[in-house]
Amino acid sequence: MLTLVIFLPLAAALALPAVPRRAVPWTWIGVTVAELALIVAMWIAHGTGGGVSFEANVRWIPSVRAGYHVGVDGLSLPLLTLTAVLFAACALYSLRHTDRVRAFAALFLFLETVCVGLFASLDLLLFFVFFDLSIVGMYFVILVWGHDDRTRSALKFFLYTFLGSLVLLLGFIGLYLGADPHTFDMVELTRTPPLEGSPGLAALTLLAVGIGLGIKTPVVPFHTWLPPAHTDAPAAGSAILAGVMLKMGTYGLVRIAMPMLPDAWRRYALVMLIVGLVSVLYGALVALAQDNVKRLVAYTSVNHMGYIVLALGAAGYAAGDADARRLAVTGAVTQMVSHGLVTGALFLLCGVLYDRAGSYDIGRFGGIARTAPVYSGLIAVAAFASLGLPGLSGFIAEFQIFAGTIGSGTTATAVAGALAVLGILITAGLFLRVLHKVVTGPPGALTSQVTDVRRPELGALVPLLALSLAIGVAPRPLLDTIEPLSAAIVGLVGR
Amino acid sequence: MSFSLLPGWPGGLAVDGLSAVLVATLAAVLVAVLMYAAGEGYGARFYVLMLLFAAAMLVTVTATDLLLLLMGWEVMGAMSYALIGYVWSDSERMQSADVAFLTTRAADMGLYAAAGFAVAGAHSLEFDALAQAGAPWRDLIAAGVVVSALGKSAQLPFSFWLSRAMAGPTPVSALLHSATMVAAGAYLLMRLHPLLDATGWADTVVCWAGALTALVLGAVALAQRELKQVLAASTCAQIGFMVLGAGAGSVGAGTAHLVAHAAVKSLLFLGAGLWLSAQRTGRLVKVTFGVGALALAGVPPLSLWVTKDEVLTVAGDRSAGLLAVGFAASVLSAAYAAKALLMVVRPAEGPVARVPWPQRVPLVVLAAAACVLGVAGLRTGVRPHVWEAVLSGVLAVITVGVVVAVRRVPEPAWAVNWLHLERAVVAGTVHPVFALARALARFDDRVVDGAVRGVARGGRWTAGLAGRRVEFRVDGLVAVVGRAARGLAALARRPQTGQLHTYYAQAAVVLVVLVVVAVLAG
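Those protein sequence lines, which keep their order, are chains A and B. Residue numbering for the first sequence is 1 to 495, as defined by my numbering. Residue numbering for the second sequence is 1 to 522, as defined by my numbering.
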């Protein structure tokens, strides 16, 4: 079942050349919706219990004990669902896409397989393969369908994140060699953490894994590939890059770094805490100074992903209260989902702006609530979701992160958490600045070109924001799914 | 109603005596304000936002834990933003909305932090557990709560946002200044009084914050030249009495003042809205506004006279200093109320504007409430000292009388611009933060990304170097090896002459060498 879910989009991509040109967009939408339905069905079947469901383990490269080992649990299911939702939204959003649409659809379907496969992987080598393929796929999305300085941005994105993946591979090899017997199997590595007796090697391995995943997340100072990649990528590409692919970094931290290197994680929790805090504040402040709205949203991603690293760092404080640390981990996973929905929506909204007026410069718009009222309502909701307004998903995530981080009760976590709260004020300031300059006030130079959202765009955006609202008002179905996993992670890190 | 939004952290909604009073007040004021709004012809967006605004206040006052409280609290702030900026095409109004939202959100950070401290100290988010939190968490929770409450209630030093909030439509001001938003801060301090009390310092801080706001913002109100600004500053000052009551530990007196003030202030704002929109107003508006202004002045036997004296009584029981400040603030309130009254009843030219009935009814009902709500104040259990009540009543009447007689009030120049609080905040935080943000953005481009570009350039340079030099050498080395191999091959060809005797000789030589080696090795 899971294997079918992973490879369904790829199969569709391969079959796409046989589909008539006119039917391509609807085929694409159909496949992504079917994929979403299958993943939701898996979630329902899994329920809110602990453990791994839909596990499959096939021999793949027996010489290094790497297998095709996949499965889903409380961590992967929310992210898989997010992936399917975003890919479906992008398919719908691109309904009127005209530029080499068959290749575009095929590439996105390929990327969907890669992303779904990554979140379902229970083997380091398999994870790595999907990790690298995602970089390759996104490189072509930016290179072929991007705009402005796309060649340069795509190359920077590729080289930077590919370098990160090589460092990550070094870390994986460290884990492999540290395990006895040598293995790439995540379940086995989690059961008996490698490198128990050699703290130096464990620290080096954590460093490699941390840098590899940190570049992808991205954390300060490894974030500078992100703004140009986002700015020059097509809207759907940005939405996938920010919504799904950034999660691979933090997902890896929860799935690999924390349970497999618990000793080192505990020892260097302060580093994670500080990196997270710096990302939160630095990302928000730099975003505040941006006049390009897409760059601005890209920097808020650094800020939002920083909260996740902060919370995971706090979870490493074994002396802290276990319930609070569980709250922090649950908040971190919720933030991954929330950021995917909200930032995905924001990037699609930026895409609408570019589609109409060919610019991202907030100084050249103004008063678009007059020409595009529905669009203005959507961007206002998305902005408030991103700045953490209660009733929308960002608040639930960030509240748990703050309460859990501060609440774990050590001096370091309390101080770092309290300082991180400043981030929500800065993001409030920068989003109000955007709303003030773009949506309200007197009309700007490009305002007349901004027509309201079209039906496919609306169809893509409304579900994203509606899900954010649903999580914000009734978070329990999501939180109950994550909760057993957080308890397990806190237990694993604490051993 | 008990439920937990976060698994393992119980909370919920509940209505007790305090909540019930606030819920009823809100419902009453909301009806009055919406009736008034119906006469002005707002669109659907207005009603959606107003109802959400009220719903958020309802969640705030019925929440039993910090999470739900914060949810209502923040949504209320966001809705106030949307309502203040209701006329969104006006950049100035939007800026006012920005200021209001950002100021209250800055204070709200206190509640976010307090929730974290509550998890650490009390292992719970429920109000009941907070007072039992261990040190130093209890003090930290109290500090966070106090900052948030003072921000929401526009107490010093956050007062300036309320001046900005006047940019919203009249019904918004009427609701925001009476039963929602500013009332929420005072409510929270009353709700969490056990926590403030337990710290041993927070209640004193709250008392003085309230008393000083009542005094200083009273002076600000006196100095304002616009009617709406007079009323806005007077709200801060009056909320100061509620905060004083909350800090002094009398939930009853504070609540009574809140309820009576809600009626008075919504009445005054609705009246002021009618007065501002017409050149000349009819008798109804003048009379009802007059009743409201006299109540605001604390003239007996109107409602605020009773409730304010209850607050002063409990404050006086606590310290004489608070009582003195409270009395001074009370005199100021009579003066600014009289000033507002003079502005409205001043004779004007032109035709009398007709007031439609949906707007008349709320004025009359609220005016009646402003008269008699003092009765409700008698059931709070606080017995005001007779001399205090008489003294404050006499002072109010004399002050109003003097102001009306001389037709002018002193306007302290330092208070005209709301103590320059907004300018101080802009110069002290907003500008530095923007400067820092720009500096960091440049740093990000030049240094952080510059380093990455440098590494990339370094990589290209190394590649170029390798291409030109190393590649050349390596290539040369390969050529040398090739030449050497050719030479060796030529050498090797030489022995292969094809003649048997030379092979024989060679074999003999090799054999000799082998023998020698064997002998030496052996």
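Derived from the structure by calculation, the hints contain no laboratory data. If you're wondering where the values come from, they're calculated on a predicted model, not measured in any experiment. For glycine and all other residues, C-beta sits at the position ideal for the given N, C-alpha and C. Hints are not guaranteed to be accurate.
Here are the simulated distance ranges between beta carbons [unchecked claim]:
# : chain 1 : residue 1 : chain 2 : residue 2 : range
1 : B       : 43        : A       : 22        : 37 to 43 Å
2 : B       : 414       : A       : 494       : 19 to 25 Å
3 : A       : 47        : B       : 91        : 37 to 43 Å
4 : B       : 31        : A       : 448       : 49 to 55 Å
5 : B       : 89        : A       : 449       : 42 to 48 Å
6 : A       : 274       : B       : 417       : 40 to 46 Å
Chain B regions said to be covered by chain A (calculated; three or more residues, Cβ under 8 Å) [said to hold, decoys possible]:
# : segment
7 : 28-39
8 : 210-224
Right, here's what the structure says about each hint:
In this structure the supplied range 37 to 43 Å holds for residue 43 of chain B paired with residue 22 of chain A, their Cβ-Cβ distance being about 42 Å. Take residue 414 of chain B and residue 494 of chain A: their Cβ atoms lie about 58 Å apart, and the range 19 to 25 Å is violated. The hint said 37 to 43 Å for the Cβ distance between residue 47 of chain A and residue 91 of chain B, and at roughly 52 Å that hint is violated. Range check, residue 31 of chain B to residue 448 of chain A: Cβ separation about 42 Å, and the 49 to 55 Å hint is violated.
At roughly 18 Å, the beta-carbon separation of residue 89 of chain B and residue 449 of chain A lies outside the given 42 to 48 Å, and the hint is violated. Our hint of 40 to 46 Å for residue 274 of chain A and residue 417 of chain B holds, since their Cβ atoms are close to 42 Å apart. Residue count for the segment 28-39 of chain B with a Cβ under 8 Å from a Cβ of chain A: 0. That is fewer than the three needed, and the coverage hint is violated. Counting residues of the segment 210-224 of chain B whose beta carbon lies closer than 8 Å to any beta carbon of chain A gives 0, which falls below the threshold of three, so the coverage claim is violated.
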